[in-house]
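Going down the list, the sequences are from chains L and Z.
According to this note's numbering, the stretch in the first sequence is residues 143 to 561, in order.
According to this note's numbering, the stretch in the second sequence is residues 148 to 392, in order.
Because the hints were derived from the structure by calculation, they are not lab data.
Heads up, some of the hints might be wrong.
Below, a list of computed lysine-lysine pairs in the DSS-like style, where the Cα atoms sit at most 27 Å apart [claimed, not checked]:
1) LYS236(L) x LYS263(L)
2) LYS536(L) x LYS321(Z)
3) LYS321(Z) x LYS299(Z)
4) LYS536(L) x LYS355(Z)
5) LYS347(Z) x LYS321(Z)
6) LYS236(L) x LYS300(L)
Anything over 12 Å on all C-beta distances counts as not near chain Z; from chain L, calculated [as the list claims (entries may be wrong)]:
7) TYR160
8) GLU175
9) SER198
10) ARG254
11) ASP258
12) HIS330
13) LEU435
14) GLN443
15) HIS447
16) VAL451
17) GLU482
18) ARG483
19) TYR541
Beta-carbon label-pair distances, calculated as ranges [what the hints assert, rightly or not]:
20) THR315(L) x ALA227(Z): 56 to 62 Å
21) LYS188(L) x ALA227(Z): 48 to 54 Å
22) ALA370(L) x ASP230(Z): 43 to 49 Å
23) GLY184(L) x ILE346(Z): 48 to 54 Å
24) ILE346(Z) x PHE502(L): 32 to 38 Å
25) PRO203(L) x GLN163(Z): 32 to 38 Å
Idealized CB from N, CA, C, for every residue including glycine.
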Amino acid sequence: MQAQQSIFDHCAQHALAYTPAVYQTEPHTVLLEVEASLRLFGGLRKILYNIRKRTSTLHGPLSTSVAPTPTGAWLLTNARQVTFRYACSFASLKRALDPLSCLALTSAQEHRNWLDAIGCKTFRDLRALPRAGLARRIGPALLQELDAAYSQTHTSLKPYQPPSRFIERLDLTERIEHTVAITHALEHMLLQLCTWLIAKRSALTRLRIMLHHERYKDSAVLTQHDIAFAEPVHTFSSLALLVHEHLERLPLKDSVVALTVESLDVTELQHTAGGLFPETLRTPAERRKLFDLLTSRLGPQSLLHPAPVADHRPEIANSWICTPTNHEKPTQEDILQLLERPFWLLPVPLALRLERDRPFYQTTLELLRGPERLECGWWDGPSIARDYFEARDKTGARYWIYRERDTDPAHWYLHGIFS
Amino acid sequence: MLFSSISTQNTRAIAQPQHIHPDLWRGSELSTYARPTIATGHHTLDAELPGSGWPTGVLIELLLARAGIGELRLLRPALASLDPLQTIALINPPYIPNIVCWKNWLKAPRSIFYVRTAQRRDQWWAAEQTLKNGSCAALLCWTDTIPQLALKRLQLAAQTSQTLFVMYRPLAVKAIASPASLRLTLEPDHAGNLNISVIKRRGSLHNKLLCLPRDTHNDFMSTQDGDMDRPAPTRTRTLATALAP
Numbered sequence: 143m144q145a146q147q148s149i150f151d152h153c154a155q156h157a158l159a160y161t162p163a164v165y166q167t168e169p170h171t172v173l174l175e176v177e178a179s180l181r182l183f184g185g186l187r188k189i190l191y192n193i194r195k196r197t198s199t200l201h202g203p204l205s206t207s208v209a210p211t212p213t214g215a216w217l218l219t220n221a222r223q224v225t226f227r228y229a230c231s232f233a234s235l236k237r238a239l240d241p242l243s244c245l246a247l248t249s250a251q252e253h254r255n256w257l258d259a260i261g262c263k264t265f266r267d268l269r270a271l272p273r274a275g276l277a278r279r280i281g282p283a284l285l286q287e288l289d290a291a292y293s294q295t296h297t298s299l300k301p302y303q304p305p306s307r308f309i310e311r312l313d314l315t316e317r318i319e320h321t322v323a324i325t326h327a328l329e330h331m332l333l334q335l336c337t338w339l340i341a342k343r344s345a346l347t348r349l350r351i352m353l354h355h356e357r358y359k360d361s362a363v364l365t366q367h368d369i370a371f372a373e374p375v376h377t378f379s380s381l382a383l384l385v386h387e388h389l390e391r392l393p394l395k396d397s398v399v400a401l402t403v404e405s406l407d408v409t410e411l412q413h414t415a416g417g418l419f420p421e422t423l424r425t426p427a428e429r430r431k432l433f434d435l436l437t438s439r440l441g442p443q444s445l446l447h448p449a450p451v452a453d454h455r456p457e458i459a460n461s462w463i464c465t466p467t468n469h470e471k472p473t474q475e476d477i478l479q480l481l482e483r484p485f486w487l488l489p490v491p492l493a494l495r496l497e498r499d500r501p502f503y504q505t506t507l508e509l510l511r512g513p514e515r516l517e518c519g520w521w522d523g524p525s526i527a528r529d530y531f532e533a534r535d536k537t538g539a540r541y542w543i544y545r546e547r548d549t550d551p552a553h554w555y556l557h558g559i560f561s
Numbered sequence: 148m149l150f151s152s153i154s155t156q157n158t159r160a161i162a163q164p165q166h167i168h169p170d171l172w173r174g175s176e177l178s179t180y181a182r183p184t185i186a187t188g189h190h191t192l193d194a195e196l197p198g199s200g201w202p203t204g205v206l207i208e209l210l211l212a213r214a215g216i217g218e219l220r221l222l223r224p225a226l227a228s229l230d231p232l233q234t235i236a237l238i239n240p241p242y243i244p245n246i247v248c249w250k251n252w253l254k255a256p257r258s259i260f261y262v263r264t265a266q267r268r269d270q271w272w273a274a275e276q277t278l279k280n281g282s283c284a285a286l287l288c289w290t291d292t293i294p295q296l297a298l299k300r301l302q303l304a305a306q307t308s309q310t311l312f313v314m315y316r317p318l319a320v321k322a323i324a325s326p327a328s329l330r331l332t333l334e335p336d337h338a339g340n341l342n343i344s345v346i347k348r349r350g351s352l353h354n355k356l357l358c359l360p361r362d363t364h365n366d367f368m369s370t371q372d373g374d375m376d377r378p379a380p381t382r383t384r385t386l387a388t389a390l391a392p
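Chain L extracted, bound-state conformation (with noise of 0.2 Å):
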């Protein structure tokens, strides 16, 4: 009963991708108003195809039919034996309704036995009855719902709601040993939670994924992974891709024997407007992207962003850190700007010998500028004492070198390299 209602909620939440009017009825059938939608997704025959194609890969053949009145339509789908399913036009409809069993409508089964005792026994029959006489008969609702079946009558119908939170759970048939495999198997989980996202109008921002284990004596049950997007998805292929290289990096303790999928945190999905140059419009949010799927394989310790601090000491005024800043700090750029800088800084000085009292680096050194004195520091460590100077070695390549002030004799340091 609960795999039915999974299969239902898909099939409902991938029509709200077609039109906003999704209604439910029993048992289990989806009903779509699609004639607003039809120009947009390219006539009739295109969505059914694409519903069918998609449904049918999740959960088997499904029985669709088109009419122009809900009862009608909800006939032809359940119905069992029909002559065509998709009838466009009030003519058609009758003609695919008529030799239907009448018995389909929910009270004619009430009135089952005395609709075969005179030997009424389809739609066409029924028709064929004196109005009149089968309203006194049997009261009106028959004749109600005979109406709603073949012509355009008010008929109340439940619109369908999706389900707030997205949790599903996949038992596999064999056991997975491989990360590769998981990927694979939760691939079909990944798609109906896009339907999902697209019928909520929402765009994903915090994943679990759970993978159970067999049960052991001491091994734990249960692998918990949550992955956070810094831009939040709703396309099955960005998902996929950032949970494929999640999935990578990810131990496996023990082989898996279900997976299960739940939606932490969603937000409104975010429509961009259209703008002349796209491009441009959209890059902030594909660059969001990129670091996503960067930092998901090579861990958010290896993506670095420049934080400039207001300070002279050029080790602490150089700060790259892991979380991008969108407003950065004002610095004391009119000063910095005066100042010619090398491109590269090495992350820890590099101590230089001296060789005939100049200082070397894989040939004798040649002070070209300078000295530059910093210093800085002394109240809040580490004090820098430095004078700093740019050199040049014998194959033309500069460096920015210092030397210790309060060392005695002097100590050389390699700190840039020009470029």
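On the provided structure of chain L, position chain Z as indicated by the hints.
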């Protein structure tokens, strides 16, 4: 009449083979790129490159013996002319990029980021993903060894993007074939100038050595070379030594 018109059509096509297919060019001439190129800012270099600038959406290889010889100075005018809204990505730079210098160079505030990868495979992967993403205006990648297959993949990924994609490789791979569309070797001379030779381009062979002089306009703070070229003081002068008789 009909025949004559066809024959003029043919000669035009042979004279300008790019009309037959954009990837065709005459061996004796420089080709052009279908994608926009970015002016290098150095006129002598512009004249030797197909399309008169750095091509976008292709793999450009710069071969150099070691970092710090002016390999970024070469790209500086091109990087400064890129759209300031877009990002510049660096993958596995040899040292830590200096934010102050970067800001001085490019004038406009723009976002840059750099990626450090522990494994060699990851750097190709990161480069490929950055190219496919397409939100970066320029991607500079440093690598020592890279298999041919990965290079080919990167060249194909570059073709799907508008990114200025430059890969810095060691000078030793000069003799090894590469799928890159443009290959230059960079060698410094003693005066700090940069000697450039084009070893692969779409067009005729290039034998000349281009010399890119070192920046002079930034040297306004430097003192006379003669003044500075003396042995460096090994002892710091303190008050005590200065006052000593």
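Evaluated hints:
no.: 1; hint: LYS236(L) x LYS263(L); in the structure: 16 Å, holds
no.: 2; hint: LYS536(L) x LYS321(Z); in the structure: 23 Å, holds
no.: 3; hint: LYS321(Z) x LYS299(Z); in the structure: 17 Å, holds
no.: 4; hint: LYS536(L) x LYS355(Z); in the structure: 24 Å, holds
no.: 5; hint: LYS347(Z) x LYS321(Z); in the structure: 10 Å, holds
no.: 6; hint: LYS236(L) x LYS300(L); in the structure: 25 Å, holds
no.: 7; hint: TYR160; in the structure: 30 Å, holds
no.: 8; hint: GLU175; in the structure: 39 Å, holds
no.: 9; hint: SER198; in the structure: 31 Å, holds
no.: 10; hint: ARG254; in the structure: 64 Å, holds
no.: 11; hint: ASP258; in the structure: 67 Å, holds
no.: 12; hint: HIS330; in the structure: 25 Å, holds
no.: 13; hint: LEU435; in the structure: 6 Å, violated
no.: 14; hint: GLN443; in the structure: 8 Å, violated
no.: 15; hint: HIS447; in the structure: 5 Å, violated
no.: 16; hint: VAL451; in the structure: 9 Å, violated
no.: 17; hint: GLU482; in the structure: 5 Å, violated
no.: 18; hint: ARG483; in the structure: 4 Å, violated
no.: 19; hint: TYR541; in the structure: 7 Å, violated
no.: 20; hint: THR315(L) x ALA227(Z): 56 to 62 Å; in the structure: 59 Å, holds
no.: 21; hint: LYS188(L) x ALA227(Z): 48 to 54 Å; in the structure: 49 Å, holds
no.: 22; hint: ALA370(L) x ASP230(Z): 43 to 49 Å; in the structure: 30 Å, violated
no.: 23; hint: GLY184(L) x ILE346(Z): 48 to 54 Å; in the structure: 52 Å, holds
no.: 24; hint: ILE346(Z) x PHE502(L): 32 to 38 Å; in the structure: 33 Å, holds
no.: 25; hint: PRO203(L) x GLN163(Z): 32 to 38 Å; in the structure: 57 Å, violated
Of the hints listed earlier, those the structure fails to meet are numbers 13, 14, 15, 16, 17, 18, 19, 22, 25, in rising order.
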